[in-house]
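Participant: The lines below spell out each chain.
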Amino acid sequence: GENVEQHPSTLSVQEGDSAVIKCTYSDSASNYFPWYKQELGKGPQLIIDIRSNVGEKKDQRIAVTLNKTAKHFSLHITETQPEDSAVYFCASNSGGSNYKLTFGKGTLLTVNP
Amino acid sequence: EADIYQTPRYLVIGTGKKITLECSQTMGHDKMYWYQQDPGMELHLIHYSYGVNSTEKGDLSSESTVSRIRTEHFPLTLESARPSHTSQYLCASSDVGAYNEQFFGPGTRLTVL
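Protein chains in written order, with my numbering: chain A, 67 to 179; chain B, 333 to 445.
The hints are simulated quantities; they were obtained by calculation from the structure and are not laboratory data. Note that the Cβ used here is the ideal one computed from N, Cα and C, for glycine as well. Keep in mind that the hints are not guaranteed to be accurate.
As the list claims (entries may be wrong) - Derived DEER-like restraints, expressed as beta-carbon distance ranges:
(1) B:348 x A:117: 40 to 50 Å
(2) A:164 x B:342: 32 to 42 Å
(3) A:164 x B:401: 17 to 27 Å
(4) B:411 x A:124: 47 to 57 Å
(5) A:164 x B:348: 35 to 45 Å
(6) B:335 x A:178: 27 to 37 Å
(7) B:428 x A:126: 28 to 38 Å
(8) A:123 x B:374: 17 to 27 Å
(9) B:386 x A:78: 39 to 49 Å
(10) A:86 x B:346: 39 to 49 Å
(11) B:342 x A:178: 26 to 36 Å
(12) A:120 x B:350: 44 to 54 Å
Sequences are here, hints too, so could you generate the full structure?
Facilitator: Now the structure itself:
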């Protein structure tokens, strides 16, 4: 089955710096890659996603890139703010599944003021 | 905005009690999911449903059971709670489609004494 590896597990940056979280996946048939943000005491919230027919997608300070050949995708947050502090999860749709997501183990991002 | 609700948000209960965690969504989504989230952040799929009267076990074995009698409602039941069931339980839903964009509820924090 699909395996999603996420790095780093923890990331600490200064306010205003950029943060990058990387994920790799194993099943070349996977074609949907969402990113979730989970704040303390809340459920994960979808913040951006990318489909395999696109190499990059941007939404204000957040961008995601996808390299299908290398089977890896990354989340980029620019001009980080303290409210960006949270746990971030990458996921893939497990070989093109229309019901299942395989999640990475999460990255705890801390933005220091 | 996704409307998916979970009650209770927090539950502390003694060993041997029967409990039901409620999950409801108002989006008319056919697919619903239960995840267990351990203290290390990782998300584990324990149950999912394609629609009314459809339930399947997920990747992580769980002693809990689920039912799907109505599209909007997907309760999870533990017949006899044990301390090993202490965890965060997250419900999610997604629409029919080629991709699997899942929306999460706020979660139920269960503590079994």
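Participant: Taking the hints in turn, state whether each one holds.
Facilitator: Status of each hint after checking the structure:
For the pair residue 348 of chain B and residue 117 of chain A, the beta carbons lie near 47 Å from each other, so the given range of 40 to 50 Å is met. A C-beta distance of roughly 33 Å is found between residue 164 of chain A and residue 342 of chain B, which places it inside the suggested range of 32 to 42 Å. The hint said 17 to 27 Å for the Cβ distance between residue 164 of chain A and residue 401 of chain B, and at roughly 23 Å that hint holds. Between residue 411 of chain B and residue 124 of chain A the beta carbons are some 48 Å apart, a value that agrees with the proposed interval 47 to 57 Å.
Between residue 164 of chain A and residue 348 of chain B the C-beta distance comes to about 39 Å, which sits within the given range of 35 to 45 Å. Hint check: residue 335 of chain B to residue 178 of chain A, Cβ distance near 34 Å, so the stated range 27 to 37 Å holds. Against the hinted window of 28 to 38 Å, the Cβ-Cβ separation of residue 428 of chain B and residue 126 of chain A comes to about 29 Å, which satisfies the hint. Take residue 123 of chain A and residue 374 of chain B: their Cβ atoms lie about 26 Å apart, and the range 17 to 27 Å holds.
The beta-carbon spacing between residue 386 of chain B and residue 78 of chain A, approximately 44 Å, falls within the hinted interval of 39 to 49 Å. The hint said 39 to 49 Å for the Cβ distance between residue 86 of chain A and residue 346 of chain B, and at roughly 46 Å that hint holds. Between residue 342 of chain B and residue 178 of chain A, the C-beta spacing of about 30 Å keeps the proposed range 26 to 36 Å intact. Between residue 120 of chain A and residue 350 of chain B the C-beta distance comes to about 48 Å, which sits within the given range of 44 to 54 Å.
Taken one by one, the earlier hints all hold for this structure without exception.
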